[in-house]
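All chains, full assembly: derive it from the sequences and hints.
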Amino acid sequence: MGNDIDQTTIISTPCTVSVQTLDRPWHLETDPQNIGREDRWFDAVRPNAQEAPVPGIIQQVFPDYHGVAWYWHLFRPAREASAHERYVLRFGAVDYLAEVWVNGVCVGGHEGGETPFELDGTQALRPDQDNLLAVRVLNPTQEPIDGIVLEETPRDHKWLGEDCRPGRMFNYGGIVLPVEVLVVPAVRILDVYANPDMKSGNIDTAITVRNDENAPAAGQITVAVGPDRTGEVLETAAIEATFAPGETVHCLSVTIAGPHLWDLDDPYLYRVVATVEAAGEDGASFAHQHSVRCGFRDFRVVDGYFRLNDRRIFLKSTHTGNHFPLGMVVPPTPDLMRRDLLYAKASGFNTVRFIAKAAWPEQLDYCDEIGLMIHEESLASWNLEDSPKMAERYDLSYREMILRDRNHPCVTIWGLLNETKDGPVFRHAVTALSLVRSLDESRVVLLGSGRWDRDQTIGSISNPGSHEWEPTWRW
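Throughout the sequence shown, residue numbering follows our numbering, covering 56 to 530 in sequence.
There are no misleading hints in this set.
Derived DMTMM-like pairs: lysine to aspartate or glutamate, alpha-carbon spacing no greater than 20 Å straight-line: (1) Lys400 with Glu417; (2) Lys371 with Asp353; (3) Lys254 with Glu290; (4) Lys444 with Glu455.
By construction, these hints were calculated from the structure, which means they are not laboratory data.
This is the structure we're talking about:
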């Protein structure tokens with residue numbers, strides 16, 4: 056195993072960023088006694104570890120196992136980082152709890168099974184040498200492990216025990232989306248939020264910049280906008296800015312005259328390209344670029360009817376638990392992520408509800424392109440039990456999903472609950488509207504599918520821009 060170095064995939068931009076996909080080979084071993092950390096399993100691959108797919112789930116290799124498991128991968132960086140660059144490990148998603156080591160050095164972790172996270176591996180990673188990446192994954196069970204119990208985590212309908220009947224998903228876990236190593240400037244863009252308004256033609260952008268240097272850097276941010284299909288630039292805007300150490304958010308707006316709307320039969324997309332250029336106090340220069348797609352469209356409920364772009368429409372929706380053959384949540388071929396959505400569109404549906412589980416990013420990209428609306432929920436929307444950490448886990452689940460997906464025009468509804476009776480979780484979801492609106496003002500928010508709470512004093516929907524629940528039906 057010591058000589059199994061991955062075949063890298065490298066993508067370069069004019070800002071000299073490199074992206075290296077760590078796809079194979081990975082190795083996996085179970086840790087049923089939870090002794091791996093104490094025995095320093097992160098220092099070397101275990102002798103009995105088995106080859107495992109990444110992306111994938113633990114149960115593809117160990118079908119009857121749930122609990123703690125360890126992944127290992129040996130890799131060599133695609134290129135050496137300069138003095139003013141960083142090595143960043145980017146995980147698409149790890150279900151449920153991840154802890155990460157590089158060459159025996161802990162570089163961080165993440166809780167939550169369906170959203171991305173990044174860790175700085177600069178101090179631990181060795182250029183021009185083999186590096187051992189170790190990932191400890193906790194796939195919770197009904198018995199506490201490190202204080203975590205399955206029913207108290209955002210989990211959709213995962214189930215263990217004899218009562219695992221049709222309609223209940225088995226309890227999977229693992230590294231379920233790709234892992235990448237990035238070489239990036241120390242001053243770089245972490246996120247671009249593009250919020251188009253079809254009435255004014257404005258695209259308001261909020262750009263989050265990370266500065267890993269020990270001193271401020273001064274420079275400018277430029278935003279360029281144009282049709283995604285052609286790559287041409289229609290409008291630009293720029294601001295001067297100072298980037299303090301840590302994260303800062305910078306806002307600017309671009310106006311498109313007569314914007315082409317995103318619609319079901321004409322899913323027109325714009326690309327927003329943000330560039331940061333800066334200089335440090337020691338003379339170091341930084342340049343980084345990040346782009347996203349967006350679309351001009353408006354979706355809301357008016358007098359009890361759905362309206363898209365000021366036109367009344369009949370919502371024809373199906374829903375999916377986003378299951379695939381073999382791995383159930385990880386398709387054996389990427390085409391399966393798109394095929395069901397294309398079939399739904401071809402069958403006459405205009406909306407797909409991702410029930411109690413967020414869509415994968417590639418699926419949302421595809422729905423942006425084919426004109427299929429999405430009602431999206433997180434893992435926290437169903438079967439989350441009350442606990443001292445319930446509110447924290449619920450909010451984290453929704454915050455990270457919205458931050459990941461809020462640029463997609465296909466996403467028209469955030470759903471907060473599925474079939475949830477009155478109780479602590481329902482009451483917390485009612486208050487979560489303020490969290491949603493702090494992240495996204497532009498979408499319909501549905502409180503609960505089914506409205507099992509039957510509380511007529513609480514509205515069921517919040518239209519774009521509204522910070523209150525509005526009634527749409529009576530029991």
